[in-house]
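2 protein chains.
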Amino acid sequence: MKYGYFDDKAREYVITRPDTPMPWINYIGCEGYFGILSATAGGYSYYKDARLRRLTRGRYNNVPLDFGGRYIYVRDNADGSFFSPSWMPVRGKLDDYSCRHGMGYSVISGKKNGIAASTRYFVPMGENLEIWDFTVTNERAESADLSIFSIAEFCLWDAQDDATNFQRNFSTGQVEVEDEVIYHKTEYRERRNHFAWFACSEKLTGFDTQREAFLGPWRGWEDPKAVAEGKSGDSIAHGWQPVASNHIKLSLKPGETRRIVFVLGYHENPRDQKFDPPNSQTINKKLVKPTIAKFRDPKNVDAAFAALKENWDTLLGKIQVQTPDVHTDRMVNVWNAYQCMATFNMSRSASTFESGIGRGLGFRDSNQDLLGFVHMVPERARQRILDLAATQFASGGAYHQYQPMTKKGNNDIGGGFNDDPHWLIIGVAQYLKETGDFSILDEKVPFDTTPGTEVPLYEHLRRSIQYALDNIGPHGLPLIGQADWNDCLNLNCFSDEPGQSFQCLKGATDGKTAESVFIGGLMVLSCKELAGVAKAAGKPGDVETYLELAQKMDETVRKHGWDGEWFLRAYDNFGKKIGSHENEEGKIYIEPQGFCVIAGIGVEDGTARKALDSVNKHLATKHGIVLQQPAYTRYYIELGEISSYPPGYKENAGIFCHNNPWVIIAETILGNGDQAHDYYTRICPSAREEISDLHKNEPYVFSQMIAGKDAPTHGEAKNSWLTGTAAWTFFAATAYILGIRAEYDGLRVQPVIPKAWDGFTATRVFRGVTFDISVKRAGKGNRVALTVDGKAIDGTIVPLPKDGAKTVKVEAVLS
Amino acid sequence: MKYGYFDDKAREYVITRPDTPMPWINYIGCEGYFGILSATAGGYSYYKDARLRRLTRGRYNNVPLDFGGRYIYVRDNADGSFFSPSWMPVRGKLDDYSCRHGMGYSVISGKKNGIAASTRYFVPMGENLEIWDFTVTNERAESADLSIFSIAEFCLWDAQDDATNFQRNFSTGQVEVEDEVIYHKTEYRERRNHFAWFACSEKLTGFDTQREAFLGPWRGWEDPKAVAEGKSGDSIAHGWQPVASNHIKLSLKPGETRRIVFVLGYHENPRDQKFDPPNSQTINKKLVKPTIAKFRDPKNVDAAFAALKENWDTLLGKIQVQTPDVHTDRMVNVWNAYQCMATFNMSRSASTFESGIGRGLGFRDSNQDLLGFVHMVPERARQRILDLAATQFASGGAYHQYQPMTKKGNNDIGGGFNDDPHWLIIGVAQYLKETGDFSILDEKVPFDTTPGTEVPLYEHLRRSIQYALDNIGPHGLPLIGQADWNDCLNLNCFSDEPGQSFQCLKGATDGKTAESVFIGGLMVLSCKELAGVAKAAGKPGDVETYLELAQKMDETVRKHGWDGEWFLRAYDNFGKKIGSHENEEGKIYIEPQGFCVIAGIGVEDGTARKALDSVNKHLATKHGIVLQQPAYTRYYIELGEISSYPPGYKENAGIFCHNNPWVIIAETILGNGDQAHDYYTRICPSAREEISDLHKNEPYVFSQMIAGKDAPTHGEAKNSWLTGTAAWTFFAATAYILGIRAEYDGLRVQPVIPKAWDGFTATRVFRGVTFDISVKRAGKGNRVALTVDGKAIDGTIVPLPKDGAKTVKVEAVLS
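Line order of the protein sequences matches chains A and B.
Its first residue numbered 1, the first sequence is counted upward by one per residue in the UniProt record's numbering.
Its first residue numbered 1, the second sequence is counted upward by one per residue in the UniProt record's numbering.
Derived by calculation from the structure, the hints in this document are not laboratory data.
Check each hint, because a few of them may be wrong.
One copy or two, either will do: identical chains are not told apart, so a pair holds if it fits within one copy or between any two.
[Claimed, not checked] For lysine-lysine, the following BS3-like pairs were computed, each having C-alpha atoms within a straight-line distance of at most 30 angstroms:
| # | residue 1 | residue 2 |
| --- | --- | --- |
| 1 | K408 | K506 |
| 2 | K755 | K559 |
| 3 | K755 | K780 |
| 4 | K48 | K299 |
Please model the entire structure based on the sequences and the hints provided.
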């Protein structure tokens, strides 16, 4: 069954009942201030780093799962009854409910007993604050005396410390209340120069800043004492749990609507201007007051919302398509692109499944994510590339993660994930193709963020390959290191105690035997891409070098990485094959099949086709393609984390969606548009909307994993939003199925669409030029004939107009 | 107002209303299996290590604060209404409620609509399991058809990972259900060899193991779907959140009582016998089944409870007193001793204020805690000493903390807290005085837990002093290092960024200037104690050495550590005085006043009296003695964390109870029993029971901190249970006010009691001999005349009977 519907025109998903199978969230904020927001107003906010600058408190895996958030209570003062327009936390029956998750905003509306209320939550562009734009209408025939209460619970900044260190934290909480604005300033007295504030457009009847004063003893968010009694405590928090609650009394005539704007903001003062007066302990509010005043005025709120809309129109306008398939359209035009921006902003930090205190930005993740957002925010992609490259070592190896606040490599994890360096090449190549900005190759970038070690970015790319060459195993394949793309295939760790890292345990082996066929395929691709970069950048000597390396590794993979019906996955520490018919379990893995074909291995000699047929035969299910088969039924210490999962979940034969698009792309490379789009549809959230009770996660974004056929819950999705699936499915759909992809010398138009499609149209903004593309099918094949501005051209690449024209009309005929 | 009362005879605190100002908890378990249990059945359980072997989930700082626990629901199947006898989680009005917190058990009872139910929670001695011994009585005139539901939510073992790593953990949960027993086996398939189990004495009507199946979507513990509908889901958890819920239908005749025993257990299998059959993935249950069978039988439960009672009778029987002051009696006889066992078991790991995932065992903490429990469990104290000493470095310095599972020093914190080594001497000396077991001095103990480095324990004590001698500052006082006893006085760290450790930041100074007068006092005492050890152990050469060192440091403290009216606290990194009239804030600190007097400094020349008078004048409040004055109103980077707290809280002029007994002891040393007992009473929880609304924490155990006079909440307590206050107040009350203290050559009886007391009686078991002590006041002074078994003796030390008698009668007359 469904819990809502897509409003494609409005670019919104409309949730029509609040009891979704999981919290169905949205993100607000896309620059420095971010928030998670569920359809029932749950979630929390942070500034830049979900762990270190948490503004409001999140309790993960709560009971109920999603409890605590940006709540507003509407109390009928006539009888003391109250409800929340977001259903949570009060719950109980509403006469009407909806949540519209849009691009960077959500509107949550609820009605009860003739009182209709609605809140639009969003973060204005260029500001470090969030708006709760609340309206309430009296639909009764008589007047209504209402009390409106808002509540936000502050986090004491460091979310990990906040959740564990109560013997300190219950004594440190501090607030100030001035001009009806609540300032949360815990630790501002000492080393912090930042604070949060909560303001309201209306005159307050009362307020609370101490949680227990608002809630009353032993009461939950569903029944706060202040709301039940219709009276705030005007409490000032001294330690314990600071909150911000406003109370506004309203008298509404029949039919009357009132609007209240609540604003939660973050502000940093210069360190030498923290206090006012300077020798006091009172926050200097001079610099933040203009912002507060601005957003207490609804006019400015309206303008900010319009600007937000415009921002997303621009971003999504970079590519818009109209195909015969509604799921493809809404994912490409709206939701998948939107999800790509989320993975750019959040990496893997904060979602229903990511607590925001675990991981930094992944080297591998972020380079891949780039495939999904470089066309929308090329300037920010450029900075991301430079940040990533700066965490590379002089050896060409790389930190596996880096911290978003410091941009320094994470020492706890370290390096030695031997696929990492290759992804930098792939990310940079994509950036260059999209932007043509070759100046980035000359940017001076340090190693290990150490000043004085700077070399041009291009040299970093060369080091990536050098690292691979320095780490070749007995069969001539790349050594796997701690793990390759599959973080859970750990061939050198031999972890036997709980709590040990599966990836980072050192010393069990010398690391010189276990090899990855997957990295072999990846290296073929990265060498080809680096040759492409070299060619485009005018370094012809390097072109040959890297093409030769690609050719050599291609041969090695075909010789030592082929199992007869499919590509092997790896050799373990004992030189034993993994992902082979010789194995009892884990005979065939998805990753090398998809990626070797993408790299072009075996495309000529038929092994590629054979590999993909094996995928179809052994791994494909109606809910997507599982990672391997047969699932591991027990723990294999020599394989590591992959076998730690129950069969059918995660890497142990779950449908790990991230690598499904590799097979999709591979199928397009082999010309099989039907199969490619079929695989796409199986994991496509929109196409799974009808089975929301099984799928559970949001039907508007991809999930990392869908339980595989060995799992009792086959088809159940987990880990939505923050997954490499976003970028790769977007890339597969736009660049390979629809075939519109950036190249150094123009925009390629080379669709490999289903036979049943009669064509499609698309608009693509590429290097400032708008390409209006119309594709028509004249035959069942994939042969492309292009007409550009009325003139037939050879090949499938549309060059940029030489005359500086800003639009190009492209007509493609498939036959 | 009060929320209950002491039942002194039963050794119980009886809570009569559930809405206590904070969760008022008890601990169950005192060997390897432990649980926190609030008066409303909240809390969680673990095996040995609250972080790494968490059995059930705890959500700290929840809303409500204490939500989640060991809940039982009683449902009236006639109308579907239900309640929890523990009030939480259902809440609502009960017709009757009580919680009896006893020694290692709690009995929580509730009644509604003629159905009375009661649960006794405890952990049997020698077992790794907890019992929920539930009885229900139908007090109605007609029959009642009831459904009883139990619920426990499993933690996936590592409490930190469990609370943050959902992208993995939501896929790993696994259970088995066999013979109506629920086995929680998450990660058993891989590196773990332990599991939890939940069993019931009755035939089940149904069960649940998947949390959301039990709760239903978007429902909380207060209204689970299974309970509301009167039907379990018989669910099997695959991932998500495994729980254990039993459903038992009962038909009760009028007046009938039924008993149901629920048991939650932990079991470890040998690594080579994990599965049955061996090549399966099914838990081998052969070794645990006898235990399960045993405790499903109520007869064995009764026997286990009787054994638990007997254990506590023995432990508390080591000292029992009858004084004119009810607070002194109940604290010494019951609650303070009980709290000392809690600090032995838990160190600072798990309480309402300690999340159980933060800290290991503190070197300093654990040595001091020993003062409170060595007389009860000398064998376990012996092992603790050896474990602590093994984390000392060859330099004599020590790791500041060690991990309870590995017993290895904690590298994150490291060493350099220069008071640490001295506490080992004080702990060992106390152990020797209590037990006379000098064999411990010859035990071979390694440095830094490194095999091959073992030296006799006595040599460790010598190294402690050597470390001090190697770390002397410009005035001849001990260098302070990272911090001394006051972890928040950080003179070498200069922390200026949020998130930096206040204690462990290195490199700001060379550490060779800042000195601690407190450690000076501590060193005088530790040198004297080591001289005492040497003397008693027959090492006369060392006696002189250490007495000379004590004398030298005594002179140094009086010369460079005296401010005119009180002892200085320290010299900072610039050689500037701290805790001096020359300072604007922090002019006088409590620690050196109490401890220097305990060490005997200035007792002869009147400076000790002067120092204590200054404490009384500047630091004493009606709620206890604050740590320093005036409070720091701003952050001083050169002082560190102490100035990070708002004034009046924690070390920044809060009443940090731990050091109040130092002043109490000091007052007895100067013969001032009235002042000593007055200070004792100010922080004594029982004496503060009437002001529970202000005090907030449990009135049966000491809290670490009571807000000082600079705080808006002066008198409000925080951080109950796990505090060094427990040991020191017990030691101050028994060994100094009542004056009954262990010495090498006998039991000293030298009371310094209030003038108004006409005497007291006491029983003290010392080295296997029971001393029946009767003290009578004949005059207002502290002069003691002792009669032992009818014969007057000189001095105040009662020797052990030479004839092997097991009882000694001691009469003391004060004049």
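For each hint, the structure was consulted:
1. K408 / K506: For K408 and K506, the Cα distance is within 30 angstroms both inside one copy (22 angstroms) and across copies (20 angstroms).
2. K755 / K559: Result: close neither inside a copy nor across copies, 35 angstroms intra and 97 angstroms inter.
3. K755 / K780: within (5 angstroms within a copy, 108 angstroms between copies)
4. K48 / K299: within (27 angstroms within a copy, 60 angstroms between copies)
Checked against the numbered hints above, the structure violates only hint 2.
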